[in-house]
Amino acid sequence: MKAIIKRELKAYFTSPLGYAVLTVLAFFFGIFYTMYLKNGSADMTNVLYLMVLALFVVIPLLTMRLLANERRQKTDQLLMSAPVNISMIVLGKFFAALLFFCVFFVEVIVFNFVYLFFGATIDWLVFLGNILGMLFLSAALITIGLFISALTEDQVVAAIATYGISLILLFMNFFMDIFSMITSITVPTAVSEAFDWICFYTRYQSFTQGIFDLTNITFFISVIAVFLFMTVRVVDRKRWA
Amino acid sequence: MIEVKNLTKKYGSHLAVDDISFSVNDGEILGFLGPNGAGKSTTMNILTGCLSATAGSTTIDGFDVLTDPFEAKRKLGYLPEQPPLYPDMTVREYLGFIYDLKKVKMPKGPHIAEICRLVKIQEVYHRLIKYLSKGYKQRVGIAQALIGNPRVLILDEPTVGLDPKQIIEIRNLIRMLGKTHTVILSSHILPEVQAVCDRVVVINKGRIIADDTPDHLSANLSDDHSLSLILEADKKKAMDAIQALSGVKSVSYVRSHGENANEFVVDPVVGYDIRKPLFELMRDKDWAVLQLRSNQMSLEDIFLRLTDDTTDTAVLERSLKRRKEQNEQEGAQE
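Quick note, the sequences are listed as chains A and B, same order.
1 is the number of the first residue of the first sequence in our numbering; add one for each residue after it.
1001 is the number of the first residue of the second sequence in our numbering; add one for each residue after it.
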């Protein structure tokens, strides 16, 4: 697993893609941050709210090649014939993407310290909630991207499919509202509740208020576990084709 | 060292490998010969654990690939048909990654340097793999298989796409590696197998057609004095008449060629030339001879014949098997 993490991280940092991703994140973060500073807001919560959009843009780009490319380059045969467990390969890829993403968190923390330097007061618990929420959210989106990357050989297909699915999962209840507004059909409460329950964004929002709700943590961990498990199954299934 | 027993692989309803069994002894170089699509790569993928088998078992040094994958895989190095390279890595990074991936215990620097010297890739050691020529890529692929010094090397068409000079170099390398490793090598090029391998397994349409040393295979087939005969005559009558000739050991019917034309294979008793009596018989009976051909074949011919879709390979296969048994008997008598 360590070998895989090392290789993937190196690949991120030696490819233009990795730097493009970091640039996009830094760019949006900078803009949103300045925007809120101008308004005299001291809270980073709203900035990170908006950053979910950047997250959504960037994560499929990080995950699209993870497994799709292995198949296209036929390097999957290398991994399969090596004395390594498939779950270790998948976990290695997952952690590599997550660790790469953590570079962004470093940036956020640095910003916060600059803030502190200029004499602002920071509610560290809320900040921790923000970071934790974003970490869980991005980890969940990464596993979804990883799973889709395992299904196809084509990076572009993987990216587009990941966009579609993560868009739906992120803003599920929002889409439902639009749907009922356009068609003027009132959605049954059971359905709307279910959608609310799944909606990633709602779950994330509760973190940002500094609430460590165990159900939310469990929810994200379950999503991560389920998609990782399915990824392992998909990779393994190819041997049984 | 390697045992393959009743291996079968189905892709849906397509039978890619059909109940094959063979074994490779320690220190042997086995050639796996067959046309494209014969099931070579499938078999190799199963041997290395990249694919599962529908039925049958494969063991490497006593460890089953399916139930004991780690022990089995630790003992093998695999070069797939397309070398599994990451184009964006340098050779150094790539080999380092393989070293970590295989969790090799040997000291890293000297081990990799030794392999690079062996396959002659020192001069491209710091270059990106995507900028290497095909020959170098192939060598990096072989280097990858050698990391961890596995006892078994499985090389899938290692010389494909190389120029003649590189082919010779790679062959020499394989022969050298064969002194210290057990090697399975697949190819659809016959002289290659002849040049490098101790033993050849010919495979076609997922089945093993022949399993012998290249010399034996060649000898067995080139002393095949049987004649292939197409006659315009009644099948039964012709067979009886030919069988009655002195010097004829056996006649077998191959197939019909349209109306009243039948193909036979006539096998003479060793030492008899039956061409003349055959001709006289046909003249007497007034049978039109559409073809009379000696089956004496070069290895190239036999390979083409064995793997040709249009001929019935069963007869040939039987004759090969029979000759192998004969040889073994003669050997035992001596």
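Please keep in mind that the hints were generated in silico from the structure rather than gathered at the bench.
There may be inaccurate statements among the hints.
As the list claims (entries may be wrong) - With a straight-line Cα cutoff of 30 Å, these simulated DSS-like cross-link-like pairs (lysine-lysine) come out:
1) K2/A <-> K1130/B
2) K10/A <-> K1005/B
3) K1103/B <-> K1179/B
4) K238/A <-> K1249/B
5) K238/A <-> K1134/B
To see whether the hints hold, each was checked on the structure:
Distance hint between K2/A and K1130/B is fulfilled; the C-alpha atoms sit about 24 Å from each other, no more than 30 Å. For a cut-off of 30 Å, the pair hint linking K10/A to K1005/B is broken: about 42 Å separates their Cα positions. With a CA separation close to 25 Å, the supplied pair K1103/B and K1179/B stays within the 30 Å bound. Restraint check for K238/A and K1249/B: not satisfied, since their Cα atoms lie roughly 52 Å apart, outside the 30 Å limit.
Restraint check for K238/A and K1134/B: satisfied, since their Cα atoms lie roughly 28 Å apart, inside the 30 Å limit.
Violation of the numbered hints given earlier is confined to hints 2, 4; the remaining hints are satisfied by the structure.
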